[in-house]
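Keeping their order, the protein sequence lines are chains P and Y. When we follow my numbering, the leftmost residue of the first sequence carries the number 3, and every step to the right adds one. When we follow my numbering, the leftmost residue of the second sequence carries the number 20, and every step to the right adds one.
Hints are computed from structural coordinates only; laboratory data are not their basis. Backbone N, C-alpha and C define an ideal beta-carbon position, used for all residues, glycine too. Worth double-checking, as some hints may not be accurate.
[To be verified] What the simulated footprint calls covered on chain Y by chain P, stretch by stretch (three residues with Cβ under 8 Å from a Cβ of chain P suffice, anywhere in the stretch; the number is not a length):
| no. | region |
| --- | --- |
| 1 | 87–99 |
| 2 | 158–164 |
| 3 | 167–181 |
[What the hints assert, rightly or not] Chain Y is nowhere near these chain P residues, computed Cβ spacing over 10 Å in every case:
| no. | residue |
| --- | --- |
| 4 | Asp-9 |
| 5 | Ala-35 |
| 6 | Val-38 |
| 7 | Leu-63 |
[What the hints assert, rightly or not] Here are some chain Y residues pointing at chain P (derived, C-beta under 10 Å):
| no. | residue |
| --- | --- |
| 8 | Ala-60 |
| 9 | Leu-84 |
| 10 | Phe-155 |
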Amino acid sequence: MQNITEDKLVDARDLMCPMPVMAATKAMRRLAAGQVLKVMATDRGSLADIPAWAEENGDELVDSGEESGVFVFYVRKAAGE
Amino acid sequence: MTSDTTGITGADVMSGPPGIGALTEEDVRRIVRDEVQKAFAKEPAAREAAIIASKGTLDWAYPPLILASSAAAIGMDASVFFTFYGLNIIHKDAAKKLKIDPVGNPAMPMPVPIPDIISSLPGMVPMASAMMRSKFAKNNVATIAQLLDTAREVGVRLIACQMTVDVFGYRPGDFIDGVEFAGATAYMAQARRAHVTMFI
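Pulled out of the complex, with its shape left as it was, chain P reads as follows (with noise of 0.2 Å):
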């Protein structure tokens, strides 16, 4: 994975779906455009959920991977939410 500097962290480790959807949605509503959420999942259907959770809403999906059988996720909070 890149080098990111997230702005805010969501530890969802071990939430089960659909908490760390819901998690990284309340935090990302506290974000201003172009800030960057880390989320750190268990959950592996958060393989899924995040990708098209970013995608659903605009926001951009820096980068993602796997780290110690927890996924990382980076979102790019996109302009004019």
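Please build the complex by placing chain Y on the supplied structure of chain P, with the hints as guidance.
Just chain Y now, with coordinates in the frame of chain P:
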């Protein structure tokens, strides 16, 4: 026909206005696809989810709340219309009211297969409900109370069916904060404008 009156020929159209240059078929397809996608994104119905929750058991309480919250998370206006036994979900005593009945549910995961004649004995419903709750808790699945809090936080509207509220003898104060009351016509008026409607 057109070339007879305007002097524009098919060749002129294909080469496009000056400055754009010749568009390939692939260009045209891409432009049309992008424009259609943009038009769909703007369509109000694509932003609307109207879900009905009609069942009042612990297992069936999950899907409407999870789906409505997920709809709100991707920017949709989401609502759940609770009717008949679905009213259990938004009742203040939901934690006690939502149970699971193993009778007639062959899909229910049990440590050992239990015939209906045994599952129908007194005490089996609380036992099955407790088992399901602990299975959910062990797997870090949110409780119904947590899902209701989350749903309200992300902006899901919770609507109780006025008719069944009255028939079951409930009062407005029996339900959790933030619940609205409406009837079938109000639901349909909203549902006809929603791409996503579900009866759960």
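Problem - Hints not upheld, ascending by number - result: none
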